[in-house]
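Listed below, chain by chain, are the residues.
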Amino acid sequence: MTILQLKNVYKSFGKLEVIKDLSFSVEEHSVFGFIGKNGAGKTTTMKMILGFLRPDSGEIYVCGERVSYGNTKTNRHIGYLPDVPEFYGYMNPKEYLKFCGDITGLPREITLARTKELLSMVGLENTNRRIRGFSRGMKQRLGIAQALLNEPKLLICDEPTSALDPIGRKEILDILSVARTRTTIVFSTHILSDVERIADTIGVIDQGKLMLEGSVQKIKNMRRKDTIQILLSSPETAKELAEKVKELPFVIESEFEMDTVLIKLTNAEEYGKEIMSLLVRENIPVLRYEILEPSLENVFLEVVG
Amino acid sequence: MKRYVAFTKKEFLEQLRTYRMLILFSVFFIFGLMSPLLAKILPEILSGMDLQGMIITIPEATAVDAYAQFFKNMTQMGIIVILLVFGGVISNELTRGTLVNVLAKGLGRHTVILAKYTAMVVMWTVALVFSGLINQGYTMYLFDTSDISNLIFSILCLWLFGVYLLSLIILSSVLAVGSFGGLILTVVVLGGLLLLDLFPKLEKVNPIYLSSRNMDFITGVLTPSDALLPVLITVILILANISASIVLFNRKRL
Amino acid sequence: MNQIIEYLPFIIPIIAVEFILMIVSLVHMLKHKKFRFGNQAMWIIIVVFVQIIGPILYFTIGRGEE
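Protein chains in written order, with the working numbering: chain A, 1426 to 1730; chain B, 380 to 633; chain C, 1233 to 1298.
Rather than coming from a laboratory, the hints here were simulated on the basis of the structure. These numbers were taken from a predicted model, which means no experiment stands behind them. We put the CB at the ideal spot given by N, CA and C, even for glycine. There may be inaccurate statements among the hints.
[Unchecked claim] Derived lysine-lysine pairs resembling PhoX-like cross-links, with alpha carbons at most 20 angstroms apart:
1. A:LYS1634 with A:LYS1664
2. A:LYS1519 with B:LYS388
3. B:LYS580 with A:LYS1523
4. B:LYS381 with A:LYS1498
[What the hints assert, rightly or not] Pulled from the structure, derived: some chain B residues nowhere near chain C, Cβ distances all over 10 angstroms:
5. GLU390
6. PHE391
7. MET413
8. LEU416
9. THR436
10. ILE458
11. GLY511
12. ASN529
13. LEU530
14. ALA555
15. VAL567
16. ARG592
17. ASP605
18. LEU618
19. VAL626
Can you build the whole structure from these sequences, using the hints too?
In structure tokens, the structure reads:
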């Protein structure tokens, strides 16, 4: 089942075109990583899905229902974690979740049961002080709890990890990994390692256009530009090797830094032996020879560059 | 309905825990108490002053003077306190972004406006009744209140003016931006209404009438039937302000 | 003396309210120590010496964001 679908969405602020012909869809029980630089249009897209902004043209569907601007009914399917979630500082986490349950019309017993479960999932079960003294990470965790309270079909997280320190980031990613078992997740980020950790499918957005879409594995393989890293005994030999391999037809690029040579080529497994035979022929002593895994970062830089 | 009640309860909790309720009730308590006291002791202080042999005769204060003090306090300091206590009810949430979570859960925007307005009106009503009762008690303690007419009606007029003022705060906060934009716009509109009140032909189509002629009802110069048009106009303006707030808030970009 | 007794029902509640407002603002101030403008010493002076108005100003415009 398709949980979220965007069809030819356009949005501009004044003369600035922020979103240009954006179309993509997210299937049930998947984790969709929405990747882009700052200002690429990620937050704008999320706000349009929530009906907080009106698209200039195009259609957005959540669980098959069309999103309308302003008061949208589709929000009852959605749990939303803003990039910097803000709460009523004079409440404690339990009071806040009870309030959230009441305004979504959840029966009191269900709210209480889920509050207990969610607070222990995000590690705030013993925090009874008021929210005003919370750290960024604690607010983010409470944000996930409130977003999951009414068991939404779709959880939208806007840059859930970018404002956090490494420990806070790991905590949030762990919580999202747990949350994926019960809902579909769309999250935006510019941190690629986060995407590699939890996303199944990704969409890369740049200057308001979707540049790439598909499963993480497929995208990594599709844009296959392999890199071989060779560690040599001295910077001189590294320089020599870097220049020699440039003449080979299958090498796209080669560079060296100190005693390490990086060779970019079309297929490392097939042409790797030719590099090796070159090393033997020229009698160059090798300390380490390594084929680097294709990373999303390389793909991202290639696409967005 | 359940959602509306839940949000209204949250508003009361907010007023309580941010100390705004404490302030409102303390000030209104002091108004109720000080008004008769000031009416009583001002002539005594004045007559006790030695103005270089000048003799000023000041008539003995009566209950009318106590009510005059009460309405003066309410329509001056009282309005300022109302603006300070309720001025940020919407602006604070918009500037801090606390409504984002709430609206993303599908709570209707009209529910937010109506719940906030309900909480404000209830607080104003309770505070006014509280202040009025204290004022009444102390006035009866100090003075003879037999020649007072239309007291309840006069206070009702003041109440309706307050209800209008609160609707104006809501509309201004939806229209203006920033923490104090709504407050400033409300003050500007109030200033405009005060200017209009200077034209005798327009005085009856102006809500200010309900906050400036209170003593004329008490002394019997005006009768309740004189206030028919201003009451009607004010009720229409209140409904218009709230409807406009809902329509505009529905379209507001968050 | 008679006059003072006559006005006691006024004086006692007023002093009580002033006192409550002052204590509540001082406690809040010492617990949070955040101000939208000015510093703690300034606000202590305002709250203690400007009766009623001082605490109102503190709670409505003086205290810091949560």
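Hints, verified against the model:
1. A threshold of 20 angstroms between alpha carbons decides the hint, and for A:LYS1634 with A:LYS1664 the separation of about 40 angstroms lies outside it, so the pair is violated.
2. For the hint linking A:LYS1519 to B:LYS388, the alpha-carbon distance of about 15 angstroms falls within 20 angstroms, and the restraint holds.
3. For a cut-off of 20 angstroms, the pair hint linking B:LYS580 to A:LYS1523 is broken: about 54 angstroms separates their Cα positions.
4. At most 20 angstroms may separate the alpha-carbon atoms for a hinted pair to count; B:LYS381 and A:LYS1498 meet this at roughly 17 angstroms.
5. At roughly 16 angstroms, the least C-beta separation between B:GLU390 and chain C is larger than 10 angstroms, which holds for a residue marked as non-interface.
6. Against chain C, the non-interface label of B:PHE391 holds: every CB pair exceeds 10 angstroms, the least being about 17 angstroms.
7. With a cut of 10 angstroms on Cβ distances, B:MET413 falls inside the contact zone with chain C, its closest approach being about 7 angstroms.
8. Non-interface call for B:LEU416 relative to chain C: violated, since the shortest CB-CB distance, roughly 5 angstroms, does not exceed 10 angstroms.
9. Residue-level check passed: B:THR436 sits 21 angstroms from the nearest beta carbon of chain C, beyond 10 angstroms.
10. Distance to chain C confirms B:ILE458 as a non-interface residue, since its nearest Cβ pair spans about 14 angstroms, more than 10 angstroms.
11. Distance check for B:GLY511 against chain C: the nearest CB is about 16 angstroms away, which clears 10 angstroms, and the non-interface claim stands.
12. For B:ASN529, the shortest C-beta to C-beta distance to chain C comes to about 26 angstroms, beyond the 10 angstroms cut-off, and the non-interface label holds.
13. Against chain C, the non-interface label of B:LEU530 holds: every CB pair exceeds 10 angstroms, the least being about 21 angstroms.
14. Distance check on B:ALA555: its Cβ is at least 17 angstroms (rounded) from any Cβ of chain C, clearing the 10 angstroms threshold; non-interface status holds.
15. Remark: the non-interface label on B:VAL567 is consistent with the geometry, its nearest Cβ contact in chain C lying 19 angstroms away (cut-off 10 angstroms).
16. Look at B:ARG592: its CB is around 28 angstroms from the nearest CB on chain C, clear of 10 angstroms, so calling it non-interface holds up.
17. Here B:ASP605 stays apart from chain C, with its beta-carbon at least about 35 angstroms from theirs, past the 10 angstroms limit.
18. A cut-off of 10 angstroms between C-beta atoms confirms that B:LEU618 is not in contact with chain C; the least separation is 29 angstroms.
19. Non-interface call for B:VAL626 relative to chain C: holds, since the shortest CB-CB distance, roughly 30 angstroms, exceeds 10 angstroms.
In summary, the structure is inconsistent with hints 1, 3, 7, 8 from the numbered list given earlier, while agreeing with the others.
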